[in-house]
Structure formats: C-alpha cells, structure tokens
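A.B. asks: Each chain is listed here by its residues.
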Amino acid sequence: MTNKYTIPIAIKNEIDHVRAKFPSNENKPAIIESLLILQHHNDGFVTDSIMRSLAEYLSVSEIDVLEVATFYTMINTEPVGRNVISICNNVSCMLRGSDDILKHVEKKLCVKVGQSTTDKKFFLKDEIECLAACNGAPMMQINHKNYENLTLDEVDDILDKIK
Amino acid sequence: MNVKICTETFESNKPASLATYLKYGGYEAWKKIITEKTPKSSIVEKIKNSGLRGKGGAGFLTGLKWSFIPLENKQKYLVCNSDESEPGTCKDRDILRYNPHSIIEGMLIASYAIGASVAYNYLRGEFIDEQKRVFDEALKIAYQENLVGKDILSSSVSIDIYSLIGAGAYIVGEETAMLESIEGKRGMPRIKPPFPAIKGLFGKPTIINNTETLASVPKIMRNEPDWYKNIGIGDSEGIKMFCTSGHLEKPGNYEIPLGTPFRDLLELSGGVLNKGELKAVIPGGSSVPVVKGETMLQLNMDYESISSAGSMLGSGGVIVMDHTTCMVSVLQRISRFYYAESCGQCTPCREGTGWLYKMLTNILEGKGTISDLDTLNRIASQIEGHCICALGDAAAMPVRSFLKNFWHEFEYYVDKKQSMVS
Ligand SMILES: Cc1cc2nc3c(=O)[nH]c(=O)nc-3n(C[C@H](O)[C@H](O)[C@H](O)COP(=O)(O)O)c2cc1C
Ligand code: SF4
Ligand code: FES
Chain A
1 MTNKYTIPIA IKNEIDHVRA KFPSNENKPA IIESLLILQH HNDGFVTDSI MRSLAEYLSV
61 SEIDVLEVAT FYTMINTEPV GRNVISICNN VSCMLRGSDD ILKHVEKKLC VKVGQSTTDK
121 KFFLKDEIEC LAACNGAPMM QINHKNYENL TLDEVDDILD KIK
Chain B
164 MNVKICTETF ESNKPASLAT YLKYGGYEAW KKIITEKTPK SSIVEKIKNS GLRGKGGAGF
224 LTGLKWSFIP LENKQKYLVC NSDESEPGTC KDRDILRYNP HSIIEGMLIA SYAIGASVAY
284 NYLRGEFIDE QKRVFDEALK IAYQENLVGK DILSSSVSID IYSLIGAGAY IVGEETAMLE
344 SIEGKRGMPR IKPPFPAIKG LFGKPTIINN TETLASVPKI MRNEPDWYKN IGIGDSEGIK
404 MFCTSGHLEK PGNYEIPLGT PFRDLLELSG GVLNKGELKA VIPGGSSVPV VKGETMLQLN
464 MDYESISSAG SMLGSGGVIV MDHTTCMVSV LQRISRFYYA ESCGQCTPCR EGTGWLYKML
524 TNILEGKGTI SDLDTLNRIA SQIEGHCICA LGDAAAMPVR SFLKNFWHEF EYYVDKKQSM
584 VS
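If you're matching them up, the sequences are chains A and B in order.
Numbering-wise (my numbering), the first sequence opens with residue 1 and increments by one.
Numbering-wise (my numbering), the second sequence opens with residue 164 and increments by one.
So that you can see chain A by itself, here it is in the shape it has in the complex:
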C-alpha cells in the first residue's frame, strides 16, 4: 500500500477553480484538468494515491478517475523523465523528414521512443498524433513548447540547452 497523498491547499484552490466552470451538481468534469494540474506538481505523473485523493476530493469513484487517466495520453501513470519531448511523425511531418529527427534524437539520448533517459532528464514520448503545426514541419514539442522547421543541428542546440 502506498501512503495517503494529501492534496496541498494551493492545488485544492486550483481544482476548485476548475470545478467552478461546471454546474455545481456535476463532479466528474473537473477530473481531466485536475489530473493535469496534479501531475504538473508531481514530476509529470500521477500515482495511485494521488488519483485516490482526487476521487475523494471531487466525490467521484476511483474508477472514474482511473478511466480518464488511462484514456488520455497526456496523463502519465508511471514515472517519466522531467522534460517531455514529442516529435511529431504524422504525415505532413514525415514528408519533411521527421523520421530522421526522431532517429537522431533516439541516438543522441540513447533511448527508444516511449522511454525516459536513465538520468530521468528526458522522456521521449511515443507521439502518434499530429501536433497541429503541420506547416512548420518537421516539428517537436518540449514541455508543450513548439519548435518548428527543425534541422538536426537545431535539434542538438535545443536539447543541449535544456536543464
């Protein structure tokens, strides 16, 4: 059994803010955004005890939270590297050489897509979606910030600057 997680007051306030967007008798709608908030404050992933505490706080069942956590790909239920890299390799990006970028980053960081580096600095997400920057292809997102029209050299520069 994991220890009980207590949601800090500041995060509770954020969650209350999310709840206020919905009818007061609806508890579930706040789950998705609350999970994003909680994982943001927990090195990018949520634990079972975090999900349990959220369920309790929102007065929903644990399975409601778990269903959401496992359906949406931006919510991680396992530890991942601190900096999340998504390299789009959907069709428009593929046409502009994204596969080479992906290979290059795999080699540079010594990981395969879907893995985190051993020092937990980077998580190379297995990105299947198009990241809606197709006319800036090839592109990647690092911690949700876009880098577009990439060359291999630029990728090196960007990654080397990240702490």
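Any given hint might turn out to be false.
To be clear about the criterion: a stretch of chain A counts as covered by chain B if any three or more of its residues have a C-beta under 8 Å from a C-beta of chain B, and this derived list gives those stretches [to be verified]: (1) 12-26; (2) 151-162.
Derived pair list, reagent style DMTMM-like, types lysine to aspartate or glutamate, alpha-carbon separation capped at 25 Å [stated by the list, open to error]: (3) A:120 to B:292; (4) A:12 to B:314; (5) B:455 to B:537; (6) A:21 to B:314.
Computed footprint of chain A on chain B, listed as stretches where at least three residues anywhere in the stretch have a Cβ under 8 Å from a Cβ of chain A [said to hold, decoys possible]: (7) 182-192; (8) 249-258; (9) 317-330; (10) 392-404; (11) 416-424.
Quick caveat, the hints were computed from the structure, so don't treat them as lab data.
None of the values given here were measured: they were computed from a predicted structure.
Each residue gets a CB set at the ideal place from its N, CA and C atoms; glycine is no exception.
Starting from the known structure of chain A, arrange chain B with the ligands on it as the hints suggest.
C.D. replies: Using the frame of chain A, we list chain B with the ligands on its own:
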C-alpha cells in the same frame, strides 16, 4: 479578392490584443445585438442566408444547425471545438493565438442566438502552453470590459465563457466524444440520434462549432449576409483557411475565397519544394481521399470541385506530395494514426483499423502479397458506413483512394519488396 476574416489581425503588431481587434471593427456586431436586443431568430436567419458552412470538416450549414435548437427557455450550451487534431490541419491554432477575440465574439453571438448562457471552448491538451494562455488572457480582458459575463454592458444579457483543456485523444474532436470528455469521461462518441442540438452536454441542447466557424461569425454579422455569400462560388459561399503542408516552398495558412483555383493556392505556398513534380494532394486533412497531382491542378478549392474528383474539402488541411513520395509509406503512416486513435467501441473500426495497419506494415517490410491489396480494399469497405462515428470512414477512405490512384505502386512494392520511388 483580398478579403480576410479569421486571419485579419495576423499581420498586426499585437494581433491578440483587444485594441487591435477593435481597430478591425471587433465587438461592434456584439454591442449592436445586445443594445438593440436583436431577435435571436433574425441572427440565425442571417447566418443561414450567408451560406456559412462549418469549417471543422463536415461543411454543414451553420445557420441550419443553430435552427435545430429547441426554442423553449431552458439551459442550453455552446461548445467551441478547438481540439484541432486532424493530421494536416493547423489553422485553429493560429486563430487562437493571433485572433482570440474573434472567437470570443463569435461564441457570444452564437450563444445569444441559440439562447445559451454558458459556452465552453475546448482546446486540445497540446495547446496548453501558447494557445490557451493567449486565449485565456483575451478572455480575461473581455470579462474586465464586461463584454462577457453577467449583465453585459447593462443589457441584462448574461453569458459566461470558459476554456477547457483536453489531455491527448484525437477522437475527442468528434463532437459527441467532446461532450463526453467535457462531462469528465473517456472520449467515446455517442450514438446519434439524439443529436446534440436536442440532447447534448449534461443532457441539455448543445451546439458544437469549429473555432474557425465561430471566428467567422462576427464579421458576417457586421457586414450583412450577402457580403459573405458573394465572396465564394456556387454552394461554396465565403472564405476558408487552408493549411498547406508537405513538399512546398512556403507551407502556411492561407485564407482565400472558396472557389480559388488550387494552382493559386499552390503558388501562394511557393510552389512544390525544390521545383519538384506534383505527385499527389490530400486536400482536406488525412482522412479524405487522395487526389493525383495532375487532377488536382484542374480543381478549385471549393466543396463541389473537390468532390467532383472523389475527395472532400474537409478541414482545409492540404497535404502536398512530390515525386519522391512513397505512397505505400504515407498510407501506412496514416493507417497507424487511425488504428491508434480508434476508441474501440465498434468492432469494424477497432479490428479493421488494426488489420489495415498491420497489413500495410507487412507490405512495407517486404512480406506482402498481391492478394493483400484486395484484402485491404475489402476491409476498408467493411469499415465504411458500419460504425458509430466518422473515424471508421476516415480510416477507410485513404486506403481505398491510395489503392485506386496508385495501384501500380503498391503492386510494385509487393512484387519487388521495395519502393518504386527510392
Ligand atoms: C474523428 C473525428 C475527429 C474530429 N476532429 C475535429 C476537430 O479536431 N475539430 C473540429 O472542429 N471538428 C472535428 N470533427 C468534426 C466535429 O465532429 C464537428 O462536426 C464539428 O466540430 C462541427 O463544427 P462545424 O459545423 O463548425 O464544422 C471531428 C470529427 C470526427 C469524426
Ligand atoms: S467508429 Fe471507431 S472511433 Fe468512432 S465510435 Fe466506433 S470505434 Fe470509436
Ligand atoms: S503532421 Fe506533424 S504537426 Fe501535423
């Protein structure tokens, strides 16, 4: 014609600011409506007469959709679909960050017209850094100016707007899946009917419109329906943003009148990359049928013209491919996406998308046979039209059209176990 609507503010210094938007006549339509207490039905009528069609993919007449909302006075909702995730599509991201007030004003007018007191803008999770920040900032200012909120400009009209954030799931772009997601559940499309206009969010009548659709509304209201109607051609009235991507010198977002020749859009986009040869175009996001380059050069960017070539205008994501493109690899990549994104509710979609992807992967690995090509076609036709939502069709249409237009290339691949182009 050089008319701009959604992209009007893009070239300004501070495109997202209220001052910029006001300079372009922003919020005039909204202020007029609430001071004159314009009857709801006359707004719906105007939008109908303008011929505005949904820009999210299906091209449904917006005014007609609004008119399906029951008239009785009960809770209703408006939802703006900013989930933008159809591969090849990247227009809403620019409206959100460069012209957010047009979305807010469009949401206000639409909410008023359908009698909704609450409106949500649902942004895809990956927009959290830039688009959501800019949109939220604009919304905050609109609240401060009392253009949104309670008793707007002392008119006794109250409309609240909230932005919501997704968390990574393409299927949530489908309107009923989006309602499920807003309700805090997995994004599984609902069986229709009932349609959202009758039973939508939290069981209440709801209208869902795309970001670009709503952002077009204020200027249409300001300039009268005929102005908009006269921009386009035939049943394709008005103007549309096209996102050009792939093998182009200047890929970008171009807002042009419907009916503009594809050649002109190609020219705006700087022509084919490195003066290459135009091989193929996917004219409306990765789910619509592919069109051969030579055919595409004869077409215009409007609903009728594109459909005369067996494809669709869709979301406006125009993916351009030059002579170096291996069509087998492109189709396999597209199939991977729909396989991964199928929500799994319908057997033909869940199983079929997996088979399509695996067979195409086999072919790429040199393990395909000629009979596989017929099997691909057969699986695709068994998915099409047999599912709850259009994702099934979206997975099937590319397969059938790639095989039809580039059969010889697939044949070559299974025969020689390598691509015809490389
Ligand atoms: C699988 C799937 C994904 C979709 N994704 C989007 C999307 O990302 N954005 C969007 O506006 N519409 C999307 N749609 C279309 C919506 O269901 C809906 O038709 C649209 O938002 C209505 O707005 P409009 O009438 O203004 O176009 C999608 C549809 C399907 C079947
Ligand atoms: S067609 Fe596919 S994505 Fe749509 S509801 Fe059925 S299984 Fe889900
Ligand atoms: S295909 Fe890569 S951002 Fe759209």
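A.B. asks: Each hint should be assessed against the structure and marked as holding or not.
C.D. replies: Hints versus structure:
With 3 residues bearing a CB less than 8 Å from a CB of chain B, the segment 12-26 of chain A meets the requirement of three and the coverage assertion stands. Only residues whose beta carbon comes within less than 8 Å of a beta carbon in chain B count, and the segment 151-162 of chain A has 0; fewer than three means the coverage is violated. Under the criterion of a C-alpha separation no larger than 25 Å, the hint pairing residue 120 (chain A) with residue 292 (chain B) is consistent with the structure, at around 22 Å. Simply put, residue 12 (chain A) and residue 314 (chain B) have alpha-carbon atoms about 30 Å apart, too far for the 25 Å limit, and the pair is violated.
At most 25 Å may separate the alpha-carbon atoms for a hinted pair to count; residue 455 (chain B) and residue 537 (chain B) meet this at roughly 21 Å. At roughly 18 Å between alpha-carbon atoms, residue 21 (chain A) and residue 314 (chain B) fall within 25 Å of each other, so this suggested pair holds. Against chain A, the segment 182-192 of chain B contributes 0 residues with a C-beta closer than 8 Å to a partner C-beta. That does not satisfy the three-residue criterion, and the hint is violated. For a cut-off of 8 Å, the count of residues in the segment 249-258 of chain B with a CB near a CB of chain A stands at 7, and the three-residue condition holds.
Coverage of the segment 317-330 of chain B by chain A holds. Counting CB-CB distances below 8 Å, 5 residues qualify, and the rule asks for three or more. With a threshold of 8 Å between beta carbons, the proposed coverage of the segment 392-404 of chain B by chain A is violated, since 0 of its residues qualify and at least three are required. Interface restraint, the segment 416-424 of chain B with chain A: violated (1 residues with C-beta to C-beta distance below 8 Å; minimum three).
Comparing the model with each numbered hint stated earlier shows that hints 2, 4, 7, 10, 11 do not hold.
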